[in-house]
Structure formats: C-alpha cells, structure tokens
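Asks: Kindly generate the complete structure, drawing on both the sequences and the hints.
Just so you know, the sequences run in chain order A and B.
All the letters of the first sequence, read from the start, carry residue numbers 37 to 333 under my numbering.
All the letters of the second sequence, read from the start, carry residue numbers 2 to 289 under my numbering.
Mixed in with the good hints, there may be bad ones.
As the list claims (entries may be wrong) - Derived Cβ-Cβ restraints for the label pairs, each shown as a range:
hint	chain 1	residue 1	chain 2	residue 2	range
1	A	215	B	145	26 to 34 Å
2	B	209	A	322	37 to 45 Å
3	A	165	B	43	34 to 42 Å
4	B	107	A	250	51 to 59 Å
5	B	154	A	322	37 to 45 Å
6	B	89	A	227	17 to 25 Å
7	B	167	A	227	31 to 39 Å
8	A	59	B	166	19 to 27 Å
9	A	250	B	97	50 to 58 Å
10	B	107	A	177	46 to 54 Å
11	B	256	A	77	38 to 46 Å
As the list claims (entries may be wrong) - Restricting the straight-line Cα-Cα distance to at most 35 Å, the calculated cross-link-like pairs of lysine-lysine (DSBU-like) are:
hint	chain 1	residue 1	chain 2	residue 2
12	B	222	B	281
13	B	166	B	36
14	A	211	B	104
15	B	121	B	166
16	B	127	A	211
17	B	36	B	127
18	B	127	A	228
19	A	211	B	281
20	B	166	B	104
21	B	166	A	211
22	B	121	B	222
23	B	281	B	166
24	A	211	A	228
25	B	281	B	104
26	B	127	B	222
27	B	166	A	228
28	B	104	B	222
29	A	228	B	36
30	B	121	B	36
31	B	36	A	211
32	A	211	B	121
33	B	281	A	228
34	B	104	B	36
For the record, the hints were derived by calculation from the structure and aren't laboratory data.
Predicted model, so just to flag it, every value in this text is computed and none were measured.
Note that CB positions come from ideal geometry on N, CA and C, so glycine has one too.
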Amino acid sequence: MAPVTDERQRSGLREPPSWRRAKSRIATALMVFSFVLVMIPLGFVLVTVIAKGASAISWSFLTSPIPPSVLPANTGGIGPAVLGTLEITGLATVLAVPLGILGAVYLHEYGGNRPLARLIGFMADVMTGVPSIVMGLFIFSIWVLHFGFSGLAGAFALGCLMLPIVIRSTDEMLKLVPDSLRDGSYALGATKARVTATVVLPAALGGIVSGALLAVARAAGETAPLLFTILTVTTANPDVFSGPNTSLPSQIFVNASSPYVGAQGRGWGAALTLIAIAFIFMIAARIVTARFARYAR
Amino acid sequence: MESPEPNLITNLPRLEQTARPQAGSAPGEVIFDLKNVSIWYSAFKAVTDVSMAVHEHEITAFIGSSGSGKTTVLRAFNRMNDLVPGARLEGEMSYRGEPLYAKDVSATAVRRRIGMVFQKPNPFPKSIYDNVAYGPRINGERNRGRLDEIVERSLRQAALWDEVKNRLNTSGLSLSGGQAQRLCIARTIAVEPDVVLMDEPASSLDPIATGAIEDLMRELKSRFTIIVVTHNMQQATRVSGRTAFFYVLTDSEADTRTGVLVEYGSTEQIFQDPRDSRTKAYVTGRMG
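Replies: This is how it looks when you write it as structure tokens:
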C-alpha cells in the first residue's frame with residue numbers, strides 16, 4: 037500500500053498539513069464561535085421569558101380583564117391588551133402593506149429613474165431610520181391633539197413605521213424578478229399593468245409576504261409609538277376607531293415599571309404572549325406563501 | 002458621433018440588388034417592408050440603413066456575428082425595443098402595408114399579432130396550462146372549455162402535448178430546457194399570431210432538442226411567418242428560405258461601430274453563391 041500513498045502524495049491529491057489548512061480551520065472555528073455568541077442573548081431572552089411567563093399563560097389569562105396592579109399574579113389577565121394588539125396591528129397592516137406594495141411597484145416598475153421615483157425611494161430609506169418614538173410624537177401632534185387617543189391613531193403610527201420596510205423589501209423582491217419574464221409577457225401583447233399584476237407580482241409574492249411579515253412583527257412589538265397615541269388603558273375597547281385603547285407592548289411597559297409583583301408577573305406573561313403571536317404569524321405566513329409559490333420551482 | 006455616417010454609407014452594399022428575391026422561388030406576399038431603418042440605443046447607433054422585405058409563410062433567417070444588429074432588428078418587428086429606455090427607430094417599417102411605428106399604432110396590439118420566442122426559455126412560474134393559456138386570457142378568453150381546446154391544440158402544434166398531457170398542473174419551470182422552449186413556442190402560438198419572431202431559439206439546447214425545434218419551425222411555416230436569428234449556419238440552411246447576412250462595421254477613427262445588412266437573398270444563393278466578399282467569408286467560416 038505504501039507506494040500507492042506515495043503516488044497520491046506526489047500527484048497532489050493529498051494536501052500535506054499546511055498553513056492554508058490551519059487558516060481554514062481557524063476561520064471555521066471563528067464562525068462557530070460567533071454563531072454561539074449570537075445565540076446566547078437570543079436564547080437567554082427566550083429562556084427567561086418562558087421561565088417567568090409560562091406559568092401565567094392560560095386561556096383565562098389571555099381573555100380576562102386587566103386587574104388593578106396590586107392584585108397577585110394569578111388573578112385576572114391581559115385580554116384587553118391582546119385584543120388591542122390584534123386590532124391595532126391588524127389595522128396598521130391593512131393600511132400600510134397594500135400602500136407599501138403599490139409604492140414599491142411604482143418605484144420599480146413605473147418610476148424608473150424619474151426624479152419623483154428617486155425622491156420617494158430616498159425618503160423611504162430616510163423613514164426607515166426615523167426613531168419610532170418620533171413617529172408616535174408625529175401622529176400625536178397631527179392626529180391625537182385634534183381627534184383624541186384611539187386605536188386608529190396607534191395604527192397610523194405603526195403604519196408609518198411599517199411603510200418604509202414594506203417598500204424596501206418589496207422593491208428588493210421586484211429587482212429579483214428576471215426581465216426575461218417581463219419580456220415574455222410583453223411579447224404576448226400584455227400591457228404594463230397586466231405584466232405587473234399577472235407575472236411580476238406573483239413571481240415575487242413569496243418575498244413580498246416575508247417582507248410584509250417582518251414589518252408586521254416589528255410593528256406588533258413597538259411600544260414607543262403607542263404611548264402617545266392609544267394612551268394604554270386597562271379596559272377593553274373593541275372599537276379601534278375611537279377611544280383610548282391598549283396593547284401588549286405598552287401594557288408590558290406599564291406592568292414592568294410597576295412596583296407590584298403581581299403586575300410584573302402578568303407583564304412576563306404578556307411578553308411571552310407577544311412572542312407567541314409573532315411566531316404564529318410567521319408560521320401562518322410561511323404556509324400561505326408556500327401555497328401561492330408552488331409553481332415557483 | 003455625426004461625422005462617421007458618410008463613411009458607413011459608402012461601405013454599404015447596393016441593397017436594391019441584394020434585397021430582391023432570387024429567381025425560382027415563388028415569393029409569398031410581402032409582410033414586412035423595411036426602408037432605410039436605423040436603430041439607436043440613446044447615442045449608440047446599433048443598426049444603420051437596413052432595407053429588406055420579409056415574405057409571408059416563409060422562414061427568414063438572420064445570420065451574422067455578435068453585435069451586427071440581428072437581434073435589434075428582430076426586436077424592432079414587434080416593437081420590443083420600445084421597452085428599452087432611449088431606444089428609437091428611424092426610417093420606414095411597415096407591416097402588411099401599414100406603418101408599424103405610426104403614432105396611433107399600439108405596441109401591445111402589434112405584439113398580439115407578432116409573437117416572440119426568446120433565446121433563453123422563459124416559462125412563467127405558473128403551471129404548464131396557465132403558461133399556454135396566458136396569452137388567450139389577456140385577450141379576454143375566459144371560457145374554460147375554449148381555453149382547454151387552445152391549450153391542447155397549441156401544445157400539440159409545439160410537439161409537447163404527449164410529454165406533458167398528464168401533468169398540465171405542474172410548474173412550467175419543472176421542464177427540461179428543450180421542453181421549456183417548446184412550451185414557450187406553444188405559449189406564443191396560442192394567441193394565433195401572424196408572425197413568430199425567434200431569437201436564437203435553440204442556442205441553449207442540445208442537438209436533439211435543437212432538431213425538435215427545427216422540425217417544429219418547418220411545421221409551423223404553413224401557418225405563420227417566421228423570422229429567426231441564429232448563430233448556427235447549418236440551422237439557417239436547414240430551415241430557412243431566405244437569409245439575411247448582417248455585419249458589424251467599425252470605424253476606428255471615430256471609434257464607433259454599427260450593424261448593417263450586407264446581403265439578403267434566398268438561402269441557397271447566400272450560402273452557395275454569395276455576392277459580397279464578407280458574406281462569403283462568413284458562410285465559409287473564414288470569419289465570425
């Protein structure tokens with residue numbers, strides 16, 4: 037056997053231990069290390085929230101009214117906050133996602149290099165960087181001061197936050213649709229609107245839904261823009277269009293800053309609920325996208 | 002940018018002589034008539050002074066080296082160049098006697114009559130059925146029974162029916178390259194166009210799939226007028242009745258280049274008795 041090994045070594049198929057190989061090992065080890073490092077805070081957050089919040093979770097916790105903060109953790113629940121979050125985030129999604137997708141379609145399919153399109157694209161980028169509390173103050177000054185606190189005002193603030201994310205992610209997805217598909221549709225006599233609606237948007241749908249969902253998840257967890265717009269009360273308000281409302285993140289904020297152990301316990305439960313809602317949204321969207329995108333490969 | 006033009010024009014062959022069909026061929030009606038057509042992409046003059054007549058129910062092949070403007074001219078027939086920002090066309094181009102580039106002519110209406118098959122198969126990410134039904138649907142056909150008929154007929158004409166009839170609901174992207182290109186042909190002929198433009202339809206296919214596409218072209222000739230761009234000269238001789246040879250003219254002084262039509266005639270004449278030395282060099286493989 038020895039001569040065979042020699043032969044292989046001479047032909048260069050077996051690389052001798054070398055600095056190159058060592059570098060590869062070091063790089064791999066660094067990447068694994070970084071991955072573990074990244075997972076530590078993430079895992080820590082999850083473990084803590086589950087450890088402190090899981091005991092609170094029950095159906096009655098999710099649906100019962102919010103009790104006074106002095107009461108112990110096993111009383112009442114966060115029903116109004118769950119309702120408020122679903123109402124406000126839902127309305128914000130309805131307002132911002134279609135608008136954002138249409139905006140991106142204009143930017144990418146129609147605007148081209150026109151000054152207006154470039155300006156809108158630039159403004160969308162700038163808007164991404166606006167702190168969420170500024171968005172809350174903005175809605176406070178132009179809406180809440182005139183019409184009072186309401187879920188609608190909260191939805192406006194969250195919608196303003198979602199809009200640039202939806203525009204950017206949709207724009208990126210439209211860029212990935214190959215021009216050959218557009219040409220194929222044009223060559224059959226389709227108009228631009230038809231090409232966009234029947235070929236471009238379906239081809240990009242999976243990515244667009246993912247991007248929109250990222251925006252929804254981001255908005256569902258926002259606290260700052262809601263503080264100035266929905267007031268965060270403890271009673272349930274099924275009317276999203278008028279009257280003060282509440283939401284999970286702002287309720288968590290109130291409970292966490294309360295000195296009472298019972299309120300803090302309910303805060304942990306609310307935090308876990310919020311994470312679970314975001315998680316369920318993600319899974320649901322994946323399933324929906326997979327159904328729509330079954331011809332994509 | 003303006004000075005080189007006189008030079009280019011003196012280099013042109015006498016088109017009146019070359020653009021006439023050769024004796025012996027029974028020409029169909031003239032379907033496209035081009036007179037001194039030049040095409041620009043912004044400041045770049047891609048094609049200069051093309052004059053030719055394309056005849057009905059024939060296969061016309063465009064040959065020539067890369068950059069000679071074959072594809073540019075092809076895409077002018079169904080106004081696909083309109084989609085390129087900065088593209089414009091000068092000269093006269095008529096389709097069945099009507100100017101193609103008149104102000105009131107709608108590019109989408111033109112494309113419904115003049116379909117196109119692209120170099121790279123580009124099936125939509127939809128089912129095979131929906132790919133073929135796409136054109137009829139944008140023309141307003143909603144009746145399921147009629148659509149079923151159109152899909153089957155088009156796939157049969159494209160010689161793809163037997164391979165896909167049991168999986169019409171699977172993705173058009175699941176097909177092999179040759180099948181995908183035949184699907185694109187089926188999609189194009191489903192709207193019953195008058196003319197089918199083909200831009201190197203077999204260049205990304207293996208010889209067997211290429212043979213299938215060529216058989217298909219000969220088959221389709223009786224129903225449609227076909228113009229095909231090809232890099233493969235054997236292909237031109239195998240399928241086409243007429244051949245146009247395009248050539249890149251470079252002007253090293255002004256550092257410009259442009260495509261011109263050097264010679265146009267029956268395929269037999271172009272390949273066996275080329276009049277222009279450049280055509281001869283190209284078809285005998287000494288150039289390009």
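Asks: Using the C-beta atoms of residue 250(A) and residue 97(B), is the stated range 50 to 58 Å upheld?
Replies: holds (53 Å)
Asks: Quickly compare the C-alpha distance for residue 228(A) and residue 36(B) to 35 Å and report which way the hint goes.
Replies: holds (30 Å)
Asks: Verify the CB-CB distance for residue 59(A) and residue 166(B) against the hinted window 19 to 27 Å.
Replies: Since the Cβ atoms of residue 59(A) and residue 166(B) sit about 56 Å apart, the hinted range of 19 to 27 Å is violated.
Asks: Does the beta carbon distance between residue 107(B) and residue 177(A) stay inside 46 to 54 Å, or does it fall outside?
Replies: holds (49 Å)
Asks: Indicate whether the distance between the beta carbons of residue 167(B) and residue 227(A) respects the range 31 to 39 Å.
Replies: holds (34 Å)
Asks: So does residue 154(B) sit 37 to 45 Å from residue 322(A), Cβ to Cβ?
Replies: The hinted range 37 to 45 Å holds for residue 154(B) and residue 322(A), with Cβ atoms some 39 Å apart.
Asks: Given the hint that residue 127(B) pairs with residue 211(A), test it: the Cα-Cα distance must not exceed 35 Å.
Replies: holds (19 Å)
Asks: Holds or violated: residue 121(B) with residue 166(B), Cα cutoff 35 Å?
Replies: holds (23 Å)
Asks: Straight-line Cα separation of residue 211(A) and residue 104(B) no greater than 35 Å?
Replies: holds (31 Å)
Asks: With the threshold set at 35 Å, check whether the alpha-carbon distance from residue 104(B) to residue 222(B) stays at or below it.
Replies: holds (31 Å)
Asks: Taking only the CA atoms, is the gap from residue 166(B) to residue 228(A) under or equal to 35 Å?
Replies: holds (31 Å)
Asks: Can the restraint linking residue 166(B) and residue 104(B) be considered satisfied, given a maximum Cα separation of 35 Å?
Replies: violated (43 Å)
Going through the hint list in order, the structure does not satisfy hints 4, 8, 11, 13, 17, 19, 20, 23, 25, 31 and 33.
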